[in-house]
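Number of protein chains: 2
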Amino acid sequence: MLTDIDSLVDRLAEGLDPSDIRTDADTRSEHARDSAPFCEVGDPAIVVFPRSTAQVQHVMRTASRMNVPVVPQGAQTGLAGAGAASEGCVVMNLREMNRILAVDPANRTAAVEPGVTTRELKEAASAAGLAYPPDPVSFNDCTIGGNIATGAGGVCCVKYGVTADYVRKMTVVLADGSLMSMGADTVKNVAGINLMQLFIGSEGTLGIVVEATVALRPLPTDALGLLAQFPSTSSAGAAVAAIVAAGHTPSAMELMDATATGAVSELGHPDLVDASATCLIVESDAPTKEEDVRAMAALCEESGASRVTVGSDSDTAERLLNARRMVPLALREKAMSISPTAVSFIEDVAVPRTNLAQLIDEIEAVSERRGVWIATIGHAGDGNLHPIVVFDAEDPGQNRAAQAAYDDIMSAGLRLGGTITGEHGVGTLKKEWLADQVDPLELAFMKGVKRMFDPQGILNPGKVL
Amino acid sequence: MLTDIDSLVDRLAEGLDPSDIRTDADTRSEHARDSAPFCEVGDPAIVVFPRSTAQVQHVMRTASRMNVPVVPQGAQTGLAGAGAASEGCVVMNLREMNRILAVDPANRTAAVEPGVTTRELKEAASAAGLAYPPDPVSFNDCTIGGNIATGAGGVCCVKYGVTADYVRKMTVVLADGSLMSMGADTVKNVAGINLMQLFIGSEGTLGIVVEATVALRPLPTDALGLLAQFPSTSSAGAAVAAIVAAGHTPSAMELMDATATGAVSELGHPDLVDASATCLIVESDAPTKEEDVRAMAALCEESGASRVTVGSDSDTAERLLNARRMVPLALREKAMSISPTAVSFIEDVAVPRTNLAQLIDEIEAVSERRGVWIATIGHAGDGNLHPIVVFDAEDPGQNRAAQAAYDDIMSAGLRLGGTITGEHGVGTLKKEWLADQVDPLELAFMKGVKRMFDPQGILNPGKVL
Numbered sequence: 001m002l003t004d005i006d007s008l009v010d011r012l013a014e015g016l017d018p019s020d021i022r023t024d025a026d027t028r029s030e031h032a033r034d035s036a037p038f039c040e041v042g043d044p045a046i047v048v049f050p051r052s053t054a055q056v057q058h059v060m061r062t063a064s065r066m067n068v069p070v071v072p073q074g075a076q077t078g079l080a081g082a083g084a085a086s087e088g089c090v091v092m093n094l095r096e097m098n099r100i101l102a103v104d105p106a107n108r109t110a111a112v113e114p115g116v117t118t119r120e121l122k123e124a125a126s127a128a129g130l131a132y133p134p135d136p137v138s139f140n141d142c143t144i145g146g147n148i149a150t151g152a153g154g155v156c157c158v159k160y161g162v163t164a165d166y167v168r169k170m171t172v173v174l175a176d177g178s179l180m181s182m183g184a185d186t187v188k189n190v191a192g193i194n195l196m197q198l199f200i201g202s203e204g205t206l207g208i209v210v211e212a213t214v215a216l217r218p219l220p221t222d223a224l225g226l227l228a229q230f231p232s233t234s235s236a237g238a239a240v241a242a243i244v245a246a247g248h249t250p251s252a253m254e255l256m257d258a259t260a261t262g263a264v265s266e267l268g269h270p271d272l273v274d275a276s277a278t279c280l281i282v283e284s285d286a287p288t289k290e291e292d293v294r295a296m297a298a299l300c301e302e303s304g305a306s307r308v309t310v311g312s313d314s315d316t317a318e319r320l321l322n323a324r325r326m327v328p329l330a331l332r333e334k335a336m337s338i339s340p341t342a343v344s345f346i347e348d349v350a351v352p353r354t355n356l357a358q359l360i361d362e363i364e365a366v367s368e369r370r371g372v373w374i375a376t377i378g379h380a381g382d383g384n385l386h387p388i389v390v391f392d393a394e395d396p397g398q399n400r401a402a403q404a405a406y407d408d409i410m411s412a413g414l415r416l417g418g419t420i421t422g423e424h425g426v427g428t429l430k431k432e433w434l435a436d437q438v439d440p441l442e443l444a445f446m447k448g449v450k451r452m453f454d455p456q457g458i459l460n461p462g463k464v465l
Numbered sequence: 001m002l003t004d005i006d007s008l009v010d011r012l013a014e015g016l017d018p019s020d021i022r023t024d025a026d027t028r029s030e031h032a033r034d035s036a037p038f039c040e041v042g043d044p045a046i047v048v049f050p051r052s053t054a055q056v057q058h059v060m061r062t063a064s065r066m067n068v069p070v071v072p073q074g075a076q077t078g079l080a081g082a083g084a085a086s087e088g089c090v091v092m093n094l095r096e097m098n099r100i101l102a103v104d105p106a107n108r109t110a111a112v113e114p115g116v117t118t119r120e121l122k123e124a125a126s127a128a129g130l131a132y133p134p135d136p137v138s139f140n141d142c143t144i145g146g147n148i149a150t151g152a153g154g155v156c157c158v159k160y161g162v163t164a165d166y167v168r169k170m171t172v173v174l175a176d177g178s179l180m181s182m183g184a185d186t187v188k189n190v191a192g193i194n195l196m197q198l199f200i201g202s203e204g205t206l207g208i209v210v211e212a213t214v215a216l217r218p219l220p221t222d223a224l225g226l227l228a229q230f231p232s233t234s235s236a237g238a239a240v241a242a243i244v245a246a247g248h249t250p251s252a253m254e255l256m257d258a259t260a261t262g263a264v265s266e267l268g269h270p271d272l273v274d275a276s277a278t279c280l281i282v283e284s285d286a287p288t289k290e291e292d293v294r295a296m297a298a299l300c301e302e303s304g305a306s307r308v309t310v311g312s313d314s315d316t317a318e319r320l321l322n323a324r325r326m327v328p329l330a331l332r333e334k335a336m337s338i339s340p341t342a343v344s345f346i347e348d349v350a351v352p353r354t355n356l357a358q359l360i361d362e363i364e365a366v367s368e369r370r371g372v373w374i375a376t377i378g379h380a381g382d383g384n385l386h387p388i389v390v391f392d393a394e395d396p397g398q399n400r401a402a403q404a405a406y407d408d409i410m411s412a413g414l415r416l417g418g419t420i421t422g423e424h425g426v427g428t429l430k431k432e433w434l435a436d437q438v439d440p441l442e443l444a445f446m447k448g449v450k451r452m453f454d455p456q457g458i459l460n461p462g463k464v465l
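Protein chains in written order, with the UniProt record's numbering: chain A, 1 to 465; chain B, 1 to 465.
Check each hint, because a few of them may be wrong.
Identical chains blur together in the list; that is why a pair holds if it fits in one copy or across any two.
As the list claims (entries may be wrong) - Straight-line distance between alpha carbons at most 25 Å, and here's what the computed SDA-like set of lysine to any residue pairs gives:
1) K159 with D20
2) K122 with N322
3) K447 with S64
4) K159 with G129
5) K447 with N98
6) K122 with E442
7) K431 with S35
8) K169 with L321
9) K159 with P220
10) K447 with G457
Hint data in this document are derived by calculation from the structure and do not stem from the laboratory.
Given only the sequences and the hints, what does the whole structure look like? Please build it.
Next comes the structure, spelled out in structure tokens:
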């Protein structure tokens, strides 16, 4: 084994700077996983940090010749385990390919390397008077390569869509090191069969994105918003339905269940008066935002809200949305209160919007049945929920209970006509669930696509399929 | 051959009503082509009109057992020849599968069979207070199955996107008659590799859509608009750029070159005072439409418009947009004036928005060089142009000149960083051009996808690839 690694390092060094090829235990350990719990993680043999497309090609050519698995990795913020190392693999971390290649305001596009963070792209767009909307919670750190690999979403999606909607053009390195371009520089393109969308959300199993051109939009104005507190999930669900039925297009529509509200309320938030409320935070960045927010506030009241706070300026709206942003901190506090070894695990499930309230109720029932603490937040306008399970990872009983709760939530989502993942991906965590959602024939063809692009099966093996 | 056809008819009759299996010369001739000129057309052996998914499956099972090519067909409005029969094939016309299965206002979706026309879907959505935006010019007749097969667009796309953006879920019958479902009922879904987008725009080469669930949107209010007349394409192009740069999101942004303007002007239109102007028609359906239209009118004037007419109410806006809608009639008149056997042929090419004015100028140069009459209209906001060539199809010289002009326009589009088709598809017409646009490796994988889904090569053979 050792000789193999030495010989692999030697071959990699023919194309990469030796300092970008790491075999030390610290680097290997740092790059062994992403941010998903529960998933099997192996010890990578080598971690490489390519700095150019040619270097990515060299790594893949070398790996395919030596039949070594390669796990592509970005900021390691993934929540489904697609970035977790397999035993003896080469982890290819793309953070060093982080140049913004072009911002074209007249065509409203930007061309970037995969290691550019979502924040950096947003800032570059903003400097040109434009916006790149997709905003996964980890946008400060996560990379565009990872966003494309997972098909990432965020708070904005209810109005502005997901990562897949923004990719115009893409260059990938395939398993054998060859380079392939897809897409076009035009707004519309229907020339041939659309292979590009295969790669978006394929979690590094089909190829490695080395360059992407994304669409940008006009910069929206600051949003106004409201925070509504409801005595029940059903009344909050009714408000979501009423807002949609009235034809509103909010720029954010976030929900916090009573447990999440309680946790944030313990930290203290000036507007969260009822710690047991289900909260809905709705924003509008439309030119008519004042009247939109007033109308949506009225709909919340009609749906049974016990209290509605309207942000009459963007600072107040910011403060209201902050209740949602405080959730991670509140959960860390919650975890600490459970045990020093407690962790929080964020789930991702989506159902048709009309089944949202029922899913929240089912998650509450799961929490009670399994005896685990679960707070649910989510993108209500998309029917996309993130139940967050907090449990002591060192306690075998709690670990089992958390896993059982996770399984129950997946089942409930599918039973309610939903999907096992709206925006985080399948990774290693949901592989077994995929067969419960998709048509067996479709699954067989997904595997056929994988074989077509990676006949040796060296690209992120064991992920997704 | 005759025996084969008889035996094929017998087998088809095991699953279809005999009256839905037609071999008469009239039916065969009526269903031999779509609306594309220049393409090779064969005489189909049989035309079938299945009425259910099971019948589509029966046709495909029969065809694959007997190794007979099948050409799926809708309203025959296609402009690239994907619906043209090949010699001895079975044409499967899906117009009889035309039920609207469900409209779900709370989830903003509709489920339809493939033979539903775009107009019928729009009306069903509208009856539920919602909109299905995609609006190809043929929307009165063209079917959703055809829209999905071609990845159809329209006037609305500049603000509301294309057909591919609206498909949530799809069931297809594959070449061997098996049934496969893809997608989900949720707004977001990243479970597994996205095979559904392969089928959108694949022009019937991978499978036959038998059911689709599409997203609907809130019904926009009536648009206001303006008609600006420019002394040159470059000043019209500057106006497009200025409107985009100012962050406007028009709901339509249509362009007519001087030749198209002249043709409409001959029919008579109250607002077209200068028959040699390049015209830009811009609409807004935003809540701020009054001020948007005023601001965009000012930008047109600053860019050098010789005259700007603002539609101060929706009736006037309608009248202005009518200038664009009069183009087909004006072209029929133009064709008649050339010869009783003259036809008009609508092209489809798209470039990055910044190259739009240059492409229009190049098309004018092509018209002069080749000695053919070409009027250009297009979706300016998307950089998507439709040059329309009017020529006498019976005159060999004009036929050759028209084909040469077509080739020149494709070349110019590609040279300007564009695509050979923004929304009409490749069909048979642009097959040879596809290799000039896409990466050879991508083309090889497109063929791999085709082989994977249709190893016998019986589904719409010779189209696209």
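Earlier hints that do not hold, by number: 1, 5, 6, 8
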